[in-house]
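Chemist: In case you want the letters, here they are:
2 protein chains.
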Amino acid sequence: MELKKILEDKSKESWEIYLPNLSIDCVVFGFHDATLKVLVLKMKDSLVWSLPGGYVLKEESINDAASRILKVRTGADDIYLQQFRIFGNLNRSEDFFKDYPDTLWHKQRFVSIGFYALVDFSKVIPKVDELSTNCEWKSIEELPEFMMDHRFIFDKALATLRKQLVHKPIGYNLLQEKFTMPELQKLYEIILGKKLNRGNFYRKMLRYDILNKLDETRKGGAHKAPDLYSFSIEKYRKALKNGLNENW
Amino acid sequence: MELKKILEDKSKESWEIYLPNLSIDCVVFGFHDATLKVLVLKMKDSLVWSLPGGYVLKEESINDAASRILKVRTGADDIYLQQFRIFGNLNRSEDFFKDYPDTLWHKQRFVSIGFYALVDFSKVIPKVDELSTNCEWKSIEELPEFMMDHRFIFDKALATLRKQLVHKPIGYNLLQEKFTMPELQKLYEIILGKKLNRGNFYRKMLRYDILNKLDETRKGGAHKAPDLYSFSIEKYRKALKNGLNENW
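Protein sequences, first through last, are from chains A and B. Sequential numbering of the first sequence, starting at 0, is according to numbering that gives the first Met the number 0. Sequential numbering of the second sequence, starting at 0, is according to numbering that gives the first Met the number 0.
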């Protein structure tokens, strides 16, 4: 079915079940092949891409809404979601639907709540929903053109991740259970947007005392097999309470 | 006029001019007499206190709405406002208005956007609006009982301030133009919720190179008159871009 027909079919029910003027957009990050990726959709009959988004049911908390939306639109379930900013300028989305009737649900003004999600890449199998033709991981270094202000929302999510790297369990959620120090360093480098000194990084990470060195190595590379680590969850949570930065 | 009458009078117009289901609550911080204070209102016919709040006009950005609300409800103008969190649980406020008719604007479900504001205490003259009997500064150590989830909103604002102390111009907005090192240290101690070592604090602050030592001292105390400082705005902004913490 073409997009126009689907939207018009959904419009009437949407006015009945959702809170008007309020939407949710999700920025889902995953880490794979030494690259930070984001989950994006391509809407039917559209040349541009979008973040997975949706609306809040009249009898639903915004956190429950974000989880439900992500599951329906991408198949991603049971993941770490965090609200990070609200996008409340005028004319964020109204123009996008200018060729539709004014009664269309999607054409009203929406104030959108941005959530970011950090997922173990290997555990999410993207699923195409009824509004989309594609649901894919894209490297944050090669992002496609986005609809509306979705690029701005993505940029703010990445900036938030950068600031929160010292407060939130970002490494824990993005990496697989077992990882190497070069992988952890690469993740920090991508999020912080700069190269880090290997020696300093190792020293600081070990000083936090949040990693378990495992009795295993990563096999298969051309170089000496690097040691594998896992997070010591309890110590990690405790350290994050104080912030993973130098104390005052 | 009693509160019930005022609310019922306002209800009809509110349905016409505001976005439904969306509100704004502001946590306004000021620093005075070595105490961090917050601006609170007492509604007419009410025993509990509230944060200054209001609604978003249909043709208004959320940032403009927050500024307008703060001005109307407290008289505070032209101040640093920052959204920090959205409060979107069910039954945040509905019960509070349970004795009113269901058509009352204020009785609907509201998802509320929290803003915090940092003001120069000496420049705000609290003004009582038509809904309130009081508009006062209260020390954060002696807060009164709040209505609805306003205490929770306050707690989240303070927690945000604590985390953002390394990224945002918090000192600059809260202190008067000229201040002493003990005043700056006291502000950091209150926000961080712990005593800091005087020598370490001075050393770190001076190392950031964001302060101008003035050729003046604070007169009037029993002790040796302490030196006055001001922020070097340009250096301060530059330092904040990297975060006022140790670099990786």
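Rather than coming from a laboratory, the hints here were simulated on the basis of the structure. Check each hint, because a few of them may be wrong.
Put simply, identical chains are the same to the list, so a pair is met inside one copy or across any two.
Stated by the list, open to error - Listed below are the simulated DSSO-like cross-link pairs for lysine-lysine, each with C-alpha atoms no more than 27 Å apart in a straight line:
hint: 1; residue 1: K155; residue 2: K234
hint: 2; residue 1: K212; residue 2: K193
hint: 3; residue 1: K106; residue 2: K185
hint: 4; residue 1: K177; residue 2: K43
hint: 5; residue 1: K137; residue 2: K194
hint: 6; residue 1: K3; residue 2: K223
Chemist: Are the hints correct? Go through all of them and say.
Modeler: How the hints compare with the structure:
1. Proximity of K155 to K234 under the C-alpha cut-off of 27 Å is restricted to the inter-copy arrangement: shortest distance 24 Å between copies versus 29 Å within a copy.
2. Only within a single protomer do K212 and K193 lie at most 27 Å apart by alpha-carbon distance; the minimum there is 26 Å, versus 34 Å between protomers.
3. For the homomeric pair K106 and K185, neither the shortest alpha-carbon distance inside one copy (42 Å) nor that between copies (50 Å) is at most 27 Å.
4. In this assembly of identical chains, K177 and K43 lie within 27 Å of each other by CA distance neither inside one copy nor across copies; the values are 38 Å within and 59 Å between.
5. In this assembly of identical chains, the alpha carbons of K137 and K194 lie at most 27 Å apart only when taken from the same copy (22 Å versus 46 Å across copies).
6. For the homomeric pair K3 and K223, neither the shortest alpha-carbon distance inside one copy (56 Å) nor that between copies (76 Å) is at most 27 Å.
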